[in-house]
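Given the structure of chain A, go ahead and fit chain B onto it with the hints provided.
Here the protein sequences line up with chains A and B, keeping their order.
Residue 99 in the numbering used here sits at position 99 of the first sequence, and the numbers go up by one each step.
Residue 80 in the numbering used here sits at position 80 of the second sequence, and the numbers go up by one each step.
Hints may be right or wrong, so weigh each one.
One side only, chain A facing chain B, incomplete, derived with CB under 10 Å [to be verified]:
| no. | residue |
| --- | --- |
| 1 | 20 |
| 2 | 66 |
| 3 | 72 |
| 4 | 126 |
| 5 | 129 |
| 6 | 138 |
| 7 | 208 |
| 8 | 222 |
| 9 | 224 |
These are calculated hints, taken from the structure and not from any lab test.
The structure presented is a predicted model; accordingly, all values stated were derived computationally and were not measured.
Idealized CB from N, CA, C, for every residue including glycine.
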Amino acid sequence: MSNKHLRFFLSSILAFVLGILLTCLTYIGDLYFRGLNSSVLVSAITKTNYSVELIDAMYAECESVTLPIGLPIEVVHGIFDLEDVKRDVSASVKASVEEKEFNADTTLIREKLLDNINAYLQEENLQLSDEQNEYLEEYLLLIEDIYNDNIEMVIISRAMPYWNSFLDVALVAFIGIIILSIIIIVAIVKMHSWRHRALRYITYSTISTFLMSVILPIVLYVSHFYEKLSISPKYFYMAMIYMIDEFLIFSIRMGCFWALISAILIGAIYVCKKNGYKRSCKGKGKVRR
Amino acid sequence: MIISRRIRRLMAYIYMPLIFTILGYVLVYIAFKPIINIGVSITSMIMAQEIPDFTLDLESIYVEPQDMEQDDEPTGEVPVKKVGLDDVVWPSYGQHYAQISCERIGLEAPIYMGDDDSITRVGVGQYLGSFVPGYGKIILIGGHCTTFFKPLKNVKVGDVFVVKTSYGVYQYSVSKTKVFKADDMKAYDLEQDYEQLILYTCYPFRLLSGSRQQRLFVYADKISGPQLH
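Bound-form chain A, shown alone (with noise of 0.2 Å):
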């Protein structure tokens, strides 16, 4: 095999390598700007009425367990504030992904139920007794319970702490891709005396990078078959739905963003050539025009 064969083969599989690299670097860094991180979790629950269907939800399971008890379900009407609910989902959140408890502030909740109820009992002339009064803190802390439940996002409570351990994983395997990509860059360019052809390998890389960091994606977010996710309630399932939907909106972006790095290479490569820069050059050796 003649120098210039070896050389291609080489380079080829060099740039075959740093392409594979780099849509590693691509992936990786979508799942950190656009996996489950607070601000991620935080737009999707604004932009999806996660909050409205949510206090809908609530309303629902309240009057379940009203019902068998003997109140009326309208003692539970008004008990949730749509501000109220969306501030604590928000820090619900945030304090799931950093790993750490949240109990929201029930007191007002109470209150608003309280006053409902005795509104009911005066109406209808009715004296609770010793005994009832306790079941009726009893029903009180049962609506509590079912407002603090409901404002956590369980299934995301569970997964941070792999999420987390995947993002250290990850933040290492980031910058060891990053130190392993300019090693192949500098083995390409001291591999060919010219530069231009240097960089041709190098583009070869960042288009390849480009197709496999966006056909995926496309492929995903054209078919929408991850709507056929089977989760439940519709307001985490329409969070869940938008997380996607915005993962994969940016990860065509960063795909194309290597198509903006080739198109500048390819004019580098033009200038290159037009102007004969070769490696060795710097006033040293003569330059072919």
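Below, chain B without anything else, positioned relative to chain A:
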């Protein structure tokens, strides 16, 4: 020659990255095949056939039965009228398929197949493991003691419940009532081979009476109604 070399170099910007892409995907698939297979298995478990529909559809298949043979006073005789199974529209979960009433105690409620919270808020729910009227087996129906089954606190032996379905009208006479613990499996037998309507609700009936660990069971034997065959 120069032109073809230029074209070859330009084409290289297309075929080389394409080769890298295809090789890359193949390599990743081969290298991570076990993980990909596990991922596909997990994904298939959490994916439905269609996009989930969260709309609460408690639809009704109930149609007021024609040629109602309802006696004002139960005679105690079972009529010989038979209805083919093919003539019956079997209710699915969440469907309103019958109406239950008892004039003496003022009970009137729609019967839904299934007994979750969304059903018991709008009617009374039939336990999925029980059978429809006319089948010759147990019909187990539950409801809240504060809404549709509130009148059961005044039920007595001898009261007649009328169950109207699209395929016939059935009458059941109360034979006994009993209070059991909520988790007591001796309250009913799903395997019994005679038709009986069993209504159950929380007990006691008063407001805020604790966690309601008891259930009132009302047992009613069939008096009249077509037989399904």
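Hints, one by one, checked against the model:
1. For residue 20 of chain A, the shortest C-beta to C-beta distance to chain B is roughly 5 Å, which falls under 10 Å, so the interface hint holds.
2. Because the closest C-beta pair between residue 66 of chain A and chain B is about 9 Å apart, less than 10 Å, the hint holds.
3. For the restraint placing residue 72 of chain A at the interface with chain B, the shortest Cβ-Cβ distance is roughly 9 Å, inside the 10 Å limit, so the hint holds.
4. With a cut of 10 Å, the hint placing residue 126 of chain A at the interface with chain B holds, because the nearest CB-to-CB distance is about 7 Å.
5. Interface hint status for residue 129 of chain A: upheld, as the beta-carbon distance to the closest one in chain B is roughly 9 Å, under 10 Å.
6. Interface restraint check: residue 138 of chain A against chain B, minimum CB-CB distance 7 Å, threshold 10 Å, status holds.
7. Given hint, residue 208 of chain A at the interface with chain B, holds; its Cβ is 4 Å from that chain's nearest Cβ, closer than 10 Å.
8. With a least beta-carbon distance of about 15 Å to chain B, the hint placing residue 222 of chain A at the interface is violated under the 10 Å criterion.
9. With its C-beta approaching chain B no nearer than about 9 Å, residue 224 of chain A sits inside the 10 Å limit, and its interface hint holds.
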